[in-house]
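K.L.:
Chain by chain, the residues:
Number of protein chains: 2
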Amino acid sequence: MEKPLILITNDDSLKAPGIRALIETIRPLGRIVTVAPDRPQSGTAHAVTISHMLRLDLVSKSTDYEEYCCNGTPADCVKLAFKIVLNRRPDFIFSGINHGTNTSINIIYSGTMAAVLEGALAGIPSVGFSLNNYSLNADFNPSKKFVRNIAEKVIANGLPQGVCLNVNIPDVPGNLIKGIKVCRQSEGTWKEDFDEREDPNGRKYYWMKGVFVNIGDGQDTDQWALDNNYVSVVPVQFDLTATQAIDPLKSWF
Amino acid sequence: MEKPLILITNDDSLKAPGIRALIETIRPLGRIVTVAPDRPQSGTAHAVTISHMLRLDLVSKSTDYEEYCCNGTPADCVKLAFKIVLNRRPDFIFSGINHGTNTSINIIYSGTMAAVLEGALAGIPSVGFSLNNYSLNADFNPSKKFVRNIAEKVIANGLPQGVCLNVNIPDVPGNLIKGIKVCRQSEGTWKEDFDEREDPNGRKYYWMKGVFVNIGDGQDTDQWALDNNYVSVVPVQFDLTATQAIDPLKSWF
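Line by line, the protein sequences give chains A and B.
Counting along the first sequence from 1, when you hit position 237 you're at 237 in my numbering, and nothing is skipped either side.
Counting the second sequence from 1 gives a position; my numbering is that position plus 1000.
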């Protein structure tokens, strides 16, 4: 059987240790093409670049592996991969391993998961992986076993049409990880805060520094799983319709 | 009764005719504070600015109206409004009127709707308005009656917790608009395409220019409503869990 064509990307850039760990783990499973941003793009969410031009550069190429960097966002990388690099849609997309979690509502700010949603929109089974450690020195070794397990399952079984996976991995030694738990997205919010400073000319500027507050308390949520040393797997879709609100709203008009 | 505090924002910048039409329409309904980007931010989705500093400048101030511009994204504008401009959460958020539609899956690329989702995450009834015309010379006059109607309904009734509204308005003369239809998000996808060019040094670069393809065919979808000269109203929430996929996936692990 022909090896599947697998696209790898992330939002922390090609230089991040997390994408290196992902490439190393996934490489035995198919023909791998990596297209990733040339600089960190955390917090870019599902942004696409329409007001400036995109660059795409070959970084390395061998018989079973190609690597490109792009000056755009993760969503740009996926679209460029489809149309310019591969000239087809890949069989699978894996994104990450992100330096930091994307549990709960953080998925909507996440470039890692935007690439994965791009895959789902195109009908491609896609998975985003995140480690609960923001440091560049994070240890990705305990993650690899779980990344490989989940990737193999997705390659073997596919995913339901329009569904992708958001995987978050606890940052503890491997022997303390209790297993994999399929979850729903926890409720949460950000408590906004800004660091207000003055430039040398006396003009104010701000650095964003909010704090995430988990509100969901169910043991079936991704945040609970992660906090309790489980790898959380949330099946994700892109229909944002609040179906339960349709009928009540109809009475308004 | 005290007038409600209403935050207005958009993603086309403070200079766009669409936000001027929105401010004019909403102004009689409350105390209005506008915080909007200083330059167009279309396609920025739910991006937040964490890797560079934010500026916030007062543009104008009178007894019942204040206007600020910010060098960040729509989501940044909302967060800065809460914490720095208002020092509280506003009672309502209205975003737009966007130059161009945000029907179907385009909500995930939309800065207009990111601001609205920020509102929903903070528990604030919030609505995004978009006109089906990308031109800076679009005629927003026929929209105003519908914007005002929907805004008044939201101010009078609120919205269910965690639900916001995505409103799309057809670009036809007012007498051809058939009414308001509560809908679900249509299925759709983007057919990627890039314009490949060479710079004067012979190096390639790309401009993104995809084409949106509507896949949903139900008369209960927003795209159908818009195509048939109805104002579409989709209730939107931010839980992306594909609930129906949870049980099947549990058998994997």
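Treat the hints as calculated values from the structure; they're not laboratory data.
A hint or two may mislead.
To be verified - Capping the alpha-carbon separation at 35 Å, the derived lysine-lysine pairs in DSBU-like fashion look like this:
id	chain 1	residue 1	chain 2	residue 2
1	B	Lys1178	A	Lys83
2	A	Lys3	A	Lys144
3	B	Lys1178	B	Lys1003
4	A	Lys191	B	Lys1178
5	B	Lys1003	A	Lys209
6	A	Lys181	A	Lys191
7	A	Lys191	B	Lys1250
K.L.:
Decide, hint by hint, whether the structure agrees.
P.N.:
Here is how each hint holds up against the structure:
no., hint, verdict
1, B:Lys1178 to A:Lys83, "violated (40 Å)"
2, A:Lys3 to A:Lys144, "holds (20 Å)"
3, B:Lys1178 to B:Lys1003, "holds (32 Å)"
4, A:Lys191 to B:Lys1178, "violated (42 Å)"
5, B:Lys1003 to A:Lys209, "holds (31 Å)"
6, A:Lys181 to A:Lys191, "holds (28 Å)"
7, A:Lys191 to B:Lys1250, "holds (33 Å)"
Hints 1, 4 from the earlier list are contradicted by this structure; the remaining hints agree with it.
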